[in-house]
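Go ahead and model the full structure; you've got the sequences and the hints to work with.
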Amino acid sequence: MLSRPLTLPLALLLAAALVITLFPVFWIVMTAIKPPTDWNAAPAVWLPSEPTLVNFKTLFDPTALKAYGLSGVSQPATPSMLGSILASIVATGLSILIGLFAAIGLSRYATMTKATPLMILSGRMFPPAAIAVPFVIIFSVTNVIDTYSGLIAIYVAVTLPFSTWMLKSFIDDLPREIEEAAMLDGRSRLMAHLTVTIPLVKGGLFATTMFIFILNWSEFMFALVLSYTNVTTIPVQLAKYVTATAGTLYGVQAALAVLAMLPLVIGGFMIQSHLARGMTFGAVKR
Amino acid sequence: MNAMNPITTPALSIDGLGKSFRGVAALEDVSFAVPKGALTVVLGAAGAGKTTLLRAIAGLERPDAGAIHIGGKDMAGREPRDRDVAMIFDNLALYPDKTGFDNIANPLRIRGMEKGVIEAAVKDIAARLKIAHILGRKPKTMSGGERQRVALGRALVRTPTLFLLDEPLSSLDAQLRIELRAELRRLQRSLGYTFLMATPDFAEAMAIADSVIMLRAGKVVQIADPQTLYDEPADREVARFVGAPEINLVPAEIGPGGGVRLAGGLLPMPEKFMPLLASEACAIEAGLRPEDLALAPVDGAALSGVVTDIEPLGASAAISVEAGGVELRLVVPVSATASITPGLAVGLSVATRRMHAFDPQTGARLA
Amino acid sequence: MSAPKLSIVNLRKEFSDGSVAAVDGIDLDVAAGETVALLGSSGCGKSTTLNMVVGLEEPTSGDILIDGRSVVGVPPGKRNVGLVFQDYAVFTSMSVRQNLAFGLKVRGVGRGEIARAVDEVAELLGMADRLDARARDLGGSELQRVAIGRTLVTKPDILLLDEPLSNLEAAARLAMRRELRRLQKDAGLTIIYVTHDQVEALSLADRIAVMSAGKIKQVEKASIICDQPGHLFVAGFMGSPPMNLIRGKMDGASSGLTFARAGFALALPEGIALDPAEATGQVVLGLRPEAIRLAPQGSDTLAATVRLVEPRGPEAVLTLDCAGQSLKAIVPASGRPQEGADVHLSIDGSALVLFSGKTDLRLPLHAGEAA
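Chains as they are written, first to last, in this note's numbering: chain A, 1 to 286; chain B, 1 to 367; chain C, 1 to 371.
Simulated from the structure, these hints should not be mistaken for laboratory data.
Virtual Cβ for every residue (Gly too), placed ideally from N, Cα, C.
Treat the hints loosely; a few may be bogus.
What the hints assert, rightly or not - Some residues of chain A that are not near chain B, with every Cβ distance over 12 Å (derived): (1) L13; (2) M30; (3) L47; (4) A244.
Stated by the list, open to error - Label-pair ranges, simulated between beta-carbon atoms: (5) B:A364 with C:T359: 56 to 66 Å; (6) A:Y109 with C:D87: 22 to 32 Å; (7) A:P175 with C:M94: 26 to 36 Å.
Here is the structure:
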């Protein structure tokens, strides 16, 4: 299993790394099943005194917290979950679709200059906060603010550099002669790419899709500023769990976070091996 | 184009083909024709333009100038699948996720042929190529020779007008290469197909080609059958490329009196040098093939020198002799090397009839 | 006789699934200052053997001795051998000087001494004026010289090369061959290299070890191995084209020995006798392509049909069908027959070789005594 022997310093280092990475997850899961009395307890309560599912219930039934004498929140979390699903899936799908064909074009038909990588990846170099406000203005003027189409559009735009670049690196690894052999066998150029190139990069395609999905699913900044009433996603909904009377409803937030984590954890497991590869973004020259 | 006689229409006709990449010409004014049923070899060093030429014919590269006619039809603007050619790449390009059977069947499946017909065709070609036993395997588990045959099978299962082979044997061991090249030739002959094959190996070209197109830096230098390419090279670079050990090129002078002075000796002038005879001495570069030189007793030999190196070649050996300031290499049977050591003074006799004369500046063959 | 520089004793390498041994019991002695080639097709075990001598792989059993001391288990860096890879593996981001200095720097040698060693080796390889060039600007043969130089600075006892000439063009090959021969003489190097190309083996080596299926079939001087193959495999491997090998039986009639095989019979020249034990039983007849000549029809000639003509320049190789037996012959280029022609062959009996059908070893032919 291990490629080198497990010495004490190494074991300590690994333990420290595990604690640092997994502690927030542990805390959130614990908080999700804590009753309101434990949320703000000082000193902090590690394990809930009486594990309860009232936080999860509150997500769907805003009045459930009344049992603890709290007024609860105004709406159920369901629209936000549906919103996240819609936005993430559609945005990921479009990003991969466009990125795939862009990657084929760049890999097979474009001449790469030193500036090309910069051109492609620069779209990702802006911190979302820096461009959020200009986009609010643009979207308001064009009347797409607070619509899913607008949100999906911006999601596609900011994930396209990643999807293009990662897919390009996978396609670069495939010798172009294989598609050319298909063309000589009788396929048209398009069909050769569809029936030969794409199936042979299945693994990379899957990994990239998961990666982009994770990015979209957890996106907060754009969702926050570009939504008012019609659009809501899980990260935005999480921010709404602040009441005047009871303060921040940590337990309910944690419950929603636990539900939101599930797709990411599953997806992350599935692309483990590909994640490291995709991260190098084709940096190794062949 | 005028109406062509279907019997004599060449399988392939190239006129003035040119292709540049980023301003550098990979092909320049290339013209030749390949008759039906012939095995033509494009011979050239790495970077000469062989692969670019084959890719342009296949439709994978668009030429900047010139015309390509396959079976009499103009290929301008035609996609690879409309060109009626089959190609074998030097890296074979087998579909890694398909079995040997599926690889070979692919072109037929794309054309929507019937399952039964496809199966029969694949089994037939597999039997001919002796790969019936590996049809169920994937390329990863096949040996180099087996993979090469599967690539061949995929191309041969159709009956296109023209087969393009880009260095199909380069990834194989020396022994296997020699076996398979003869097999390629036998297959081509028995099925009557037209092959255009690219290779940097002159021995391969000579062994199986009906006609050789010598390519250098993107230009056609000579088109001839193998024996003529060897006996009458167009210029000194061709003479050097074709033949091992390499031809000896030495500066020489044709005296007005009729005698060739080289390597510190004087040789009688061969008849074919007659046109070069002039009132003044004429400087040439003489080409002497190692097999046209022989050891002779030092006394009375036309040339004499000292042995500097002995290189065994198997049944023969290459002896390097320094004579008159130049190094000459000759080939002797290996049994003769028993009495030869470096430093030994030897004489050389020359089969002057086979000597070539090249222009010292341009390298073109004068005689 | 001095002790060998390198001694390989009953070396074996099996793979973990125990199926086939990659190296199946090899014995080889290499004298100091000698060049030996390991020759064979892919999968014969030559590269595995090389890796074991270098130390990149450990043998399953057997021993490797350098200067009489076993090096099995000693890490490659401490064996004092140098390996030149097939694709040179030169560090492209460094200059020639930095590449050459690398091995010594890793060993913690002092700067002054490194500079001296680098200059010495650069001089030896004729690269003294290229020391500051970037490695990525160099051509094939220069890169190879850097790769060789990189190992030479560490003053290895033995230089090991993997297919040293395969990546070079013809002219560079000849120059590199001369270079390696000179290095061997001037620096007293012991050189071992691996190749699948017999021409590469013949042109560089003093002795050639022909390998097949993990075993060494024969080790012999390069100058005579083609002429006197001791093993059937070697006879069928060496030579261009290799010897014709025909399985059949000997017929020991009173008038002399005849080799016979379905439809094909050849009388051995007078005065040649075999060991009585071998006179019967299966044998393999070895006929050199050079020994088969085209002749007008006569009493001793054999009829054959020409199946394939392969020009070679001054000669052509004919593949002939002689009474169901496929033979190769070398004939002069001028006057060569066409494919499909019927011809007659005369065979030079003095060049015959016989191998035992059982042991695959060459059978000595005694001249003179009658059976």
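Going down the list of hints, with the structure as the test:
1. L13: holds, 39 Å
2. M30: holds, 46 Å
3. L47: With a cut-off of 12 Å, A:L47 remains clear of chain B, as the shortest Cβ separation is near 51 Å.
4. A244: The claim holds: A:A244 sits with its nearest Cβ about 61 Å from chain B, beyond 12 Å.
5. B:A364 with C:T359: 56 to 66 Å: holds, 58 Å
6. A:Y109 with C:D87: 22 to 32 Å: Since A:Y109 and C:D87 have Cβ atoms about 30 Å apart, the given range 22 to 32 Å holds.
7. A:P175 with C:M94: 26 to 36 Å: Taking Cβ atoms as reference, A:P175 and C:M94 lie about 30 Å apart, which means the hint holds.
Checked against the numbered hints given earlier, this structure breaks none of them.
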